[in-house]
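Trainee: One letter stands for each residue in the lines below.
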Amino acid sequence: MSFANFTKIELKNLFKKPATEKYPDGPATYKEVTRGHVVNDMDVCVLCGLCQMRCPTGAITIDKKKQTWSIRPFSCIQCRCCVENCPKKSLSMAKEYTEPDVAKGQRDFDLTDRQKEVLAEQARQAAERAAQAMEARKKAAAAQNANTAAGAGAAATAESKAPAAPASEKGQAAAAPSEGSGSAGDNKETPGNRDSE
Amino acid sequence: MAGKRSVIPFGPQHPVLPEPIHIDLVTEDEKVVEAIPSIGFIHRGLESLVTKKDFNDMVYVAERICGICSYGHGYGYVDALEHIMSIEVPDRVQYIRTLLFELSRLHSHILWLGLMADAFGFESLFMETWRIREKVLDMLENATGGRVIFSILKIGGLRRDVPDEVMKGFIPELDRIAEEIKACEGAFLLDPAVQSRLRGVGYISGKDAERLGCEGPFLRASGVEWDNRTRGYAAYGEVDFEVITSKEGDSYGRCEVRIKEIYQSISIIKQCIEKMPAGNHSVPVKGFPNGEHMTVIEQPRGGACYYVHSSGKKFIERMRVRTPTFANIPALAETLKGCDVADVPILVVTIDPCISCTER
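In the order they appear, the protein sequences are chains A and B. Count the first sequence with this note's numbering and you get residues 1 to 197, in order. Count the second sequence with this note's numbering and you get residues 1001 to 1360, in order.
In case anyone wonders, no lab produced these hints; they're calculated from the structure. Source: prediction; values computed, not measured. Take the hints with a grain of salt, since some may be wrong.
DMTMM-like, lysine to aspartate or glutamate: derived pairs with alpha carbons at most 25 angstroms apart [said to hold, decoys possible]:
| no. | chain 1 | residue 1 | chain 2 | residue 2 |
| --- | --- | --- | --- | --- |
| 1 | A | K22 | B | E1123 |
| 2 | A | K17 | B | E1047 |
| 3 | A | K8 | B | D1164 |
| 4 | B | K1313 | B | E1123 |
| 5 | B | K1260 | A | E84 |
| 6 | A | K12 | B | E1185 |
| 7 | A | K31 | A | D41 |
| 8 | B | K1313 | A | E84 |
| 9 | A | K95 | B | D1164 |
| 10 | A | K12 | B | D1175 |
Let's have the full structure, built from the sequences with the hints guiding it.
Mentor: Here it is in structure tokens:
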């Protein structure tokens, strides 16, 4: 009898423990892969800004001058997009949901002092490299100038040596050295460009 | 003798469902003679967001069209774009997608059973079914990391792999769910008090249902064999299942179809876990979509169409979603004619209305 069927379930339920968690009394339970909230390890973060760029809701902001990473936890949709795109793996997803708050404000996180020093060191090295690259480029430019001057001289001498040559040959002879010097200059410049990048 | 006609407004706020649909019930004595539905209370303009969001980020918006069918909406959008960009996703992805689709169908149908029990005033049955649903949500959370919005789909595959051990762990859990549903099934299908509320209420013939363009369990309950899963998208072509129909055509039939579909979903999930191939969980995607495609899938509530048109830019030009509830509203208005005012809430629930989907 179906009527008795559900009565049986109800009677059983009378003597069972509640199906719900008694949350404030006991701890809330989460699964291993639950997407709760985003955590940033400020010891590793380099403030590259990729998370800010990829966040679909624009919840993350980065201030490179103040060296802070901020998130508006109530705009975050826990999509895990920033975690996937983090090049330094400093972002991770914690299991616990965002804690309740009285305001929808932004939460700022400062870089740790150690990480600030690391970043400052990196910036100094980058500046040095840039300065070196600049010098290399200057040298390259100087060399190029010298080359073109030499090339022009060579062309002039070629012209003076063969004044009776036909006009077409004269044009080719004049064009060839200038092309060669141009490509040489390019080759010299490329390593300098790579350094500055 | 015809009584005096009066109009009773139903909704947009009504205890039976939390979503806003308004129906003007023209009544004569206790009988409804005409029902005029109107929607438009929760339009959010999500489709037009497609022109302002990167097409990769739009997956998140598509998933948020609705909370209960979130997976299906995400799937429809991703599938349409994968067709446009001619991306071949690995077999493993297809199987995991099918598995998740059936899990979401499972939780949607169990949710509906609870809502139905609540509509005919069986409070403890409502709580029992929702207790069972909680286990399905736990499984989904184990697999994807989210309970309602899974955020696992991306163009070109899945954003994270679901480990085989996790999926193997679903099998005993699914058996337990099947047992518990079996215990509750009697209360829905055999209980004389419940049957008196369901039998013969809101009858619609198969012919009428087809003519009015019904979808999903609502159509199948009238004996029409129509299930978009038979088209064989994802891995549906490789698993065994039959289209479930009922000859009743009334609220009882709709209940029966959905309960049987719960068992069917469980069987499809088990088949997917057994046949699960190894492989990558995503393929790299390059370039921007250029072209148009229409994807038709079977959501828990019925067939849904996703049309995407794009012209090789970062932003897609047009996206259109036709949801099953939208297709079922004309038939709802038809079935409401001639029923008692007291049966209106039950009838509105039998189409499994999802107004947020309908208006987007």
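Trainee: Each hint: holds or not?
Mentor: Status of each hint after checking the structure:
no.: 1; hint: K22(A) to E1123(B); result: holds (22 angstroms)
no.: 2; hint: K17(A) to E1047(B); result: violated (46 angstroms)
no.: 3; hint: K8(A) to D1164(B); result: violated (37 angstroms)
no.: 4; hint: K1313(B) to E1123(B); result: violated (52 angstroms)
no.: 5; hint: K1260(B) to E84(A); result: violated (40 angstroms)
no.: 6; hint: K12(A) to E1185(B); result: holds (17 angstroms)
no.: 7; hint: K31(A) to D41(A); result: holds (22 angstroms)
no.: 8; hint: K1313(B) to E84(A); result: holds (24 angstroms)
no.: 9; hint: K95(A) to D1164(B); result: holds (21 angstroms)
no.: 10; hint: K12(A) to D1175(B); result: holds (20 angstroms)
In summary, the numbered hints that this structure violates are 2, 3, 4, 5.
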